[in-house]
Structures are given as C-alpha cells and as structure tokens.
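J.: This note's numbering numbers the first residue of the sequence shown as 1 and each following residue consecutively.
Among these hints, one or two may not hold up.
What the hints assert, rightly or not - When the alpha-carbon atoms are kept at most 16 Å apart in a straight line, the in silico EDC-like pairs for lysine to aspartate or glutamate are as follows: (1) 493 x 324; (2) 493 x 463; (3) 493 x 318; (4) 204 x 149.
Calculated from the structure, these hints are not laboratory results. As the structure is a computational prediction, the values presented were derived from the model and not from experiment.
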Amino acid sequence: MHQHLPDRPAPRRRRRSHRIQQRPAGRAKASFPLWRRHVADPTGRPDGGAQCRGYPHGIVPHARAAIISTGDELLLGQTLNTNSRWLADRLTSLGISVTEHLTLGDDQEALASALQRLCRSSQLVIITGGLGPTEDDLTRPALANVLDEELIEDPVALAHIEAWMKSAGRPMLPAQRTQALRPPSAHMLPNSAGTAPGLAARHKATGCHIFCLPGPPNEMQPMFETSVVPKLRALADSGKDGVSGHVILTRAIHTVGIAEADLAARLGPLMHRRTSPLVGTTASRGIVSCRIRAEGPADIARRQLAETEAQVRAAAGDFVFGQDQDSLAGVVLELLKQRNDRLVVAESCTGGGLAALLTEVPGASAVFLGGWITYANEMKMHELAVTREILDRHGAVSTQCAQAMAQGALRAARDVARPPGQLHALAVTGIAGPDGGSDAKPVGTVFIARATADPGAPMESAEIEVRRFLFRGGREAVRERSARMALAMLRLKLAGLRTERLLWEI
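Kindly produce the complete structure, drawing on both the sequences and the hints.
T.: What follows is the structure, encoded as structure tokens:
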C-alpha cells in the first residue's frame, strides 16, 4: 500500500476550466466499441492488433503501454508510488511492454498534454489517481479535453455512489456527484471497494486505449483485475483472421532459500542470451525470481518459453516454490490443505509478521489455527512453557528456546484442536536490531524451529528441526526474512524435499 511520509507544502496548482453537460434522464448509454478487430498502430503496421490466442500470458502481443501516476503527494515524495510498480509487473506478466512511467502533480493541463503525447506512442495508457470528489481530482476533465468532449453525468454511476454513501451511513455531498461524470464516448468501470468509478476510453486519432483507475491500491488493483484484464482479453480475442502474429510471452519462476548470485551461476548460459528468450533474475527479501521473456511468432515463442522454463526449473531444483502470481505463504497453505495438516506459530522477533504473511492469503483459516506473539521472556514462560532454566542458561535467542517455543505451541494447540493430519509448529526467536547484539550473537541472529507431531502420537515423539540464520540488513529486513525462511523450512518438510542449507543459514 502507499506509505505516507511527513507533510510538505503543496505546490500551486494550475487548472483549466471544463464544461459539464448534464445527461438527460432516460438517455441511452453511448455505444462504445472499445475493442476493434485491428488496433490502430502509430507505426503504420497493418498487423498492430495481431494476437496470440489461447495462451494466458501473451494477451496483447507487441503492445506498448505507458503508466501515468497523478497527485502532488507522489510528486513531492510524501506518498510512495506503489501503483506504478504493481501495474508494470502485471502488464509485463500479460506480455505487454511498459515503455514509460510518468508522475504528474494535480495539474489538468500537464495531464492532458502528457496523455496526448503518450497516445501517439502507445497502444495502452493507464492513469491512476485524480478520480476523487475534490477540486484537485482532475483526471476526468483532462480526459474530456483530450477527447474533445463535454462531461456528462452517468446515472448508473451516480446511483452507485448514492447507494455506497447510504450503506456507509454518510450523507451524499454535492461534490461527490462529480465522480459520476464521464466523456460521452467513455464508459465507467465499477468500483467494488469505493465510490469513484474508473473510466475506459479510446483516443479517436490514434486508437490508443485509455484506462483511468482510482489512486488507492485497494480500489485500483481489484478494478484492474475485474475490469481491465477482461477487456484486454477481449481485445486479444477480437483478431479472428487466423494470423499468427508477433507476441511477447513471459513467465516468472520463484525460488526461496538461494542467493541471486548462486541461482545465476546455476542458470549459466541461460543468463547470457542476447536474443529471445531472455532470462533475468530479481531478488527481494529472500525471494529470488527468474523472469523469462520470449518474443517472436506465436508458435516459436510458446515453444521457447516452455523449453526455457524447464531448463530453469531443473537448474534451480528444490528451491523453486511457484510461478507468476504464486506467493510462498499461499504455496505452503495449499500443501497443508492437500495433506489435511494444520499449522500454529510462535513468534518473538517477527512480532506477528509470520502470521500476517499466512493470513494475507484468502482461505488460510482452513489450515492455520493461530499463534502466539511472545516478545517478553515472561510470555514465553507463561504461554509456551519455556522454562526459566533454558532462558537463564541459553538465553531467549538460542536453539533450546526456539525448540521449546515450538514444542509449547504444539502442546497448546493440541489442547484445543485435534487435526486429522499432522500438526506443525513454527517458532522464531532472534535479534532484529539495531541493538541487542553481541560478538557471539550479532544483530540478525535468528533461530527458527519447526516441530511436527503425528495425530494421536505423544508430544515427546514430535519431529523437531532448528536452524540458525544470520540475516543482513536493517530491522525490517531481518524480520521479513525470518518469516520467509520459516515458511521455506516448512515447505521443504511438506513437499518431502531434501533439507538443503538455506540462504543466510549458518
């Protein structure tokens, strides 16, 4: 989500007046053929709309997209722009080339000028922000200026806004009617998470498709998935001439527990290609993704992608946990469901971060029972039965304490639940920093325990594994990496894979 930074003075805003035309009651909604058989291509190529059908990733072959993010708060650095990154990743995964990112303040004239320029060089432009009810929300009038149309009020959108406000128990303010305005040739995109509808339009002169989405990520992302992606698929399906066009296909293979340099070494010559398919890696807090991009005629690109994916998976081995939109927590939860197992967690330095990763996944409650945050030693003793002797002799950051926390979590969970399959516990204790380290246990030292008990078996027979890690980076990095390595340990157990040494393990 966006991260808010300290307030800074806002710049002076330039605005252009715009005309608003009230739509007569009962007037039919303007017909808008958003997707055409051939997409207008500024290069003059007649096959600009050639598609790769029947493949989930190359939706709009050889399409070029631009992303515009609006808002003074973005321009001044007061808010972190996560929308642009998220959209670029999703568009790339759909086989669409993102050629430009642009951040603008709340300036109608600047937005209209940028949109005119990008429509000449792109087939797709996505704008985020500027759809609210205040005076600095200027995306609608800027779009109307570019389309050379007057804004009209959409009665369906207005009814949605009124119903939303009523359900929230809040009065409908006059300014909120502006959110129901649209150019006549555009149509509204429904917003399931807020009041501001999105907009979809097409630039008449160039054929460029324009989507205007809300700024809040919790509204923008669902709207993109439910309204924009289906329209892109409809565009792909509109080419029925049987021509096998130039396509871009992508695949991301995700790994955990291996360093980016080590993965690159395993991939070897695959990383040195200068022609399709291209292979590259990216790393983020313990997750290293290998991204494959195949470009060319549809049949050739499909074959190249499949062959290269098989080579990447073989090289990465057991470190591979998923692909594309898969998350590590989601994969672990799915493995638990397949085995009919259950999971509990006991956390110290992660402070609930491990449970948060799990509960971000819809349906986690089917297998994740819950957990304990035992930050203080007294809580470890009271909630998880960690003994005073262990704490005095070995300390809270130790193999013995992590093991006792996992065992205590198993016992406590079994008192309230009798899972049909195995019961697993993950325990994390460490020094996240910046203080608290020593020569023997520097900042970043973390012990992670995994305990597994068979149904009905005595707790003393539980299988226990403890690993010691030394994570680099700041406090947040240590906490996030600890949670992910705990999940990595459990994934190896659930998948029946060999327990290789994981990244940062010592």
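J.: Hint by hint, say whether it matches the structure.
T.: Status of each hint after checking the structure:
{"no.": "1", "hint": "493 x 324", "result": "violated (23 Å)"}
{"no.": "2", "hint": "493 x 463", "result": "holds (11 Å)"}
{"no.": "3", "hint": "493 x 318", "result": "holds (12 Å)"}
{"no.": "4", "hint": "204 x 149", "result": "holds (11 Å)"}
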